[in-house]
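Asker: Given only the sequences and the hints, what does the whole structure look like? Please build it.
Listed below, chain by chain, are the residues.
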Amino acid sequence: MTDLIVRPTDADALAERLLTTQSPQRPQSAPAIRLEVDGRVIEGREGQTILEVCRDNGIEIPTLCYEPKLPGFGACRMCVVDVEGEEQPPISCSRAAEEGMKVQTQTEELRRIRATNLELIFSDHNAYCLPPCQNKCPSHIDIPGFLKANAEGEWRESARIFKRTIPFPSILGRVCPAPCETHCRRDEVDEAIAIRDSHRYAGDQVIADMAAGMDPPVPFDLQPRTGKRVAVIGSGPAGASAAYYLLINGHDVTIFDRDEKPGGMLRYGIPEYRLPKERILDREYESITRLGGVFACGKEFGKDFTLDDLQNQGFDAVLIAIGCYDTNKLGIPNEDADGVIDGLEYLKIATLGLEYPGHRGTRVVVVGGGFTAMDCARTSVRQGCAETTLVYRRDMKDMPAASEVHEAIEEGVTAIFQAGPTRVVTDEANRVTGVEFIRMQLGAPDDSGRRRPEPAPGTEFIVPCDRVLLAIGQGPDLRWMGPGNEGASATKWRRLAVDAVTFETGRPGVFGTGDVRMGAQTVVQAIADGRRASYAIDAYLRGMDLGELRTRQTLAEPQPEFLSIVPFTGEVKEPRIRLRSMPAEERNHNYVEYEHPYSVAEAVAESTRCLQCTCEAIGFCDLRRLGIEYGTTLRTLEPQHDRGAGYRSVSENRFTGVNHDYVRDDSHAFILREPARCIDCGRCANVCAEVVGAACYDFMRIGFDTLVTTPLDMSLNDTPCVSCGRCAETCPTGALMPKPRILQKYDVDESRCILCGICVDACPYDALRCGPDFELAHTSREHPMIDLIAIAALDRETEMTYVRRERDWAERALAEGRPVRPDRLLPVLPAGITSGGGNGHNGHGGTPGGDGAGAH
Amino acid sequence: MTTLLSTPAGWPRVVTAGFGAPDPLDLDAAVAGGAFDGLKKAIRTHGPTGTIALLRVSGLRGRGGGSYPTAEKWHACATAEGSVRHVVANGYEADPATHVARALMEERPYAVVEGVAIAAFAVGATESYVAVRAEYGEAVRRLREAVARAEAAGLIGANVLGTGRDIFIEVRPVRGAYMLGEETVLLKGLEGKRGQPEQRPPYPTEKGLWGRPTVVNDVVTLGAVGWIVANGAEAYAAIGDPATPGTVVVQVAGAVEEPGIAEVPIGTPLREIVGLAGKMASGHRLKAVVVGGVTGGILPPRELDTPYAAAALRDVGAHVGSGSILVADERTCVVDLATLLTRYCADEACGKTIPCRIGLRRLAEIGERAVSGHARPNDPILLADLSEDIVASALCGHERAATTPLTSVLRYFRPELDEHLLRSTCPAGVCHPVAVASAGSAT
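Protein chains in written order, with numbering that gives the first Met the number 0: chain A, 0 to 855; chain B, 0 to 442.
If you are wondering where the hints come from, they were derived from the structure by calculation, not from laboratory data.
One should not assume that every hint holds.
Claimed, not checked - Quick list of in silico lysine to any residue cross-link-like pairs, SDA-like style, CA-CA up to 25 angstroms:
(1) Lys68(A) - Gly316(B)
(2) Lys192(B) - Leu706(A)
(3) Lys192(B) - Phe698(A)
(4) Lys347(A) - Gly297(A)
Answerer: See below:
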């Protein structure tokens, strides 16, 4: 508008404008007014808006564009309220409160209007809360976080980030089925990131450092010793993970195991060629003993000691993590014939590289499709069996261990799919001579989404063999229940009955975790479960209310809400860097780990491929919070069939249409701009122009393409930005965020610091605090340490902050009688309103796992 | 130049009287024809409050689309708190299909200047502005010249007609997009800010230009003021519909033989107004009229007896809007037309509010899906629901009115819409790749 030159206004008008654009004036001398809101008479002052009066009186009206420092803006239309006698609902942020006004804030129509507005926003919101990989990981590892550390060659920092949720990066780097990788967004560009191989590399560097005498990194500050003693029964992944976090929390832990050495299924269920025992397992388990954990091996629960014994010995809490060792039966004729072997029994000997008696030269049939079946088959090949046949009743793609099947076939295993055993064929001496199978055809999909196999009559066939290894899943051995162990009970699915959130059994002070309560699951699930149980026990030992724990439990579970999978078409294509395997003919007769690790350059290069799909605003995002309250977000990546076909992302709702995919601006040192997360509320523009005076942002372009951004989308560095961070502070979403991972890299040069304290006062994120030296200059400083990484310490303290915020919001919503959709509740919500009995997680809430194929 | 349609002899010409003068800038000729008689009368006879009272009796309402009583607006401004007031004449004719304001500003610049001067006198404004769309170069030139000549003649400027009152008028070309036609956006434009509307209340009469009480009137409204003051309120009140008296200048365009503008008494049936523009083009049949410009309602022939007045039009789902009446014949697909209009509104949105920025685009997409054969099962319901929610949470008139074209299709042309949605055929043979209905089945 070149023709428009603003006339110089007279001084009075300028002053008037400045006044009206600063904080709304609320003179305490203004006369009081009374109005009725939601049937309640409340008091305000003349000149206040309806919104201000309501907020002062604790009545919540949702807003997105409202900035308390400035007059109402009116862009988001979320704060609409009903005023009696008015046809059009006014917006409460701009409408002055009047004496005697009758206001409704939560009518059905208002909620509908707000929900529509939210849906409209989401339909153009090409973003996500948690990255899909982190969402999919049962333990919700901060994957972008450790990959970023990897990319910078910070292996110990990478391992430290990893250990916040899983203590064993190297073990998981070998045995995890890596569900994260199947949801990696990089897959849309070229290939998924090798997430598992990347943390394996970082973990291996830590192990190498241990040889040089360095302690492995500990993810959190070690808590002062509490003097409380915990007995963990079972040293498998669940028990070990629980022990690890209990030790960090300051408790004394003794871990009992019936076997000679700790590790449980990791040691006795996973072959050496996949998980080297001395080089990796023992080293990573050392992180428990280095923290003071004690292993008491060779002591079998139920035989050598009981719960009574443990509690009499003064253990304040007991955790049962004995796993699943009771192999399921096929329920077919001749199952007890000579030569039918329990797969786990077999592995227990064979995984240590010991010859299983009489195995060489035999023909073996392995029944099952899980990791146990795969290990049985591949180990049998290594032990010199003449023929190894793996038979699975479903299709190959539905196999739990599908990722490994090609390697098994390379090594010489014959695989038969879609065949189920009908009987074991024996000779007169009841020795196995073969197994009869029947062809399965695929029927209708079952609960797991896989098509249910059904026998096709008349298609029976016999596979001749000498030995049958059964690996069709396991359940827990619960025969210890009874005298000395009263109080613990079993569920109808033959699992230990454990509260899914507090992990309590029926016996006070006794908890249960891992496979014993979930049924056979993967290692990563067991570890996640163990960690959650440790927090429950910690709370119990500290005398906290376990009901409260339902909320606290979630501190480790930053649950995703909406996710969107958007192709990043502009990215440079780089293929994934794969681990090289030994040739099949070389590896099929030895137990050496068959995958060669990355070189340093490869490990860095692979991690650099990560797109860093993380939203730093998770937990602070008003859009997400309102989306949950108004039921307009999605919880999973899976298609939501009840909401129409294939909704997979937040932008897919009834308004789905064209949407924007903006490039993020990473150029500024402290402020990250993610325009894809911008909802055009204008808060940053208004605050920057009216409060700060820099005016870096404004509404740019027109119509649907309007975006609040810098002129010409230039870098923030080229604007009058003063790096005050107020824009990021006011942003209701993750469109403008401080860069914690960058901030933490700044160092104070203490030789030059004059203790002025200006940096501390200026920093809007409390990234800088005063240290003891500052005490000399400013006696009122509270935090006696220079803590440059306060913002980056995204540890439990920080996580708690946002859990608390979310909980407070939910509690308020409930207290005010606003409906909160139970099917969308985060597990951060207060006790009593979490839906069902599950722990808020799909898949491992206590139901028996799938078709129970052996799982690690 | 747009044609001025001939109207029946008895119809008064308030705004368009004097159109076609050989030199519109000839002040002497204009004064001889009665220009500035109103201003003189207001100053010498009525005084500020008397002038407002006179306007109230005349029943003049805003012609910019809002139909708000002009006298009330002036009264609110004159009595609002503040020492400095402004008058802004809105000459930003946003609707791309109308040239009524342009014709007035070019043909009778002195009528506009007089109207602004009377308003400024009545509310007590010293500085007034005529904000003209910058593309209207000739209008800007003529208005500036008219202001200069009137000031030189002492009709406006310092010490107007020896009263001691100063009435300065400045012609401001403004450049922007469609949204600049909205009054709060226009004020932002004059202030040099991004053109986005403000929540009302407070209305500009309370807090307008630079936060001061401001009257914003359409130039066409102001163009009638001089006549009313000169000829008396009763003369104006006697014209047309007794409830909302006066005349309105409309522009009839589309599939008619003689498109042009015409001044018609309010309450004239639509059929008669359309008839002013001659027969339908080359023997085609009238299928629909779009009443109210790009945000107008699309009405079928059976609604042509509707009187052209605010309340009656609202009842049938249309509005006066920019004064545009677009005639469509049977070669037009109303779904396609409504989609085009909605998309235009969506693309011209200022982008401030969610329902407008995203909602209008989604509304247009529903239409685009219908005309391209990609309709979703719930689209008609979605159309109705979304329109309702946009109207309910709208910030300004734009998003509220922009839902009109598609909702009027739902209301009057549902069978044609259903042909698109259910059978992927376009009876008018316009939409592709929606299959074109065979000639025989076109009804």
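Asker: With reference to the structure, classify each hint as holding or not holding.
Answerer: Outcome of the hint check:
no. : hint                  : in the structure
1   : Lys68(A) - Gly316(B)  : violated, 41 angstroms
2   : Lys192(B) - Leu706(A) : holds, 16 angstroms
3   : Lys192(B) - Phe698(A) : holds, 11 angstroms
4   : Lys347(A) - Gly297(A) : holds, 15 angstroms
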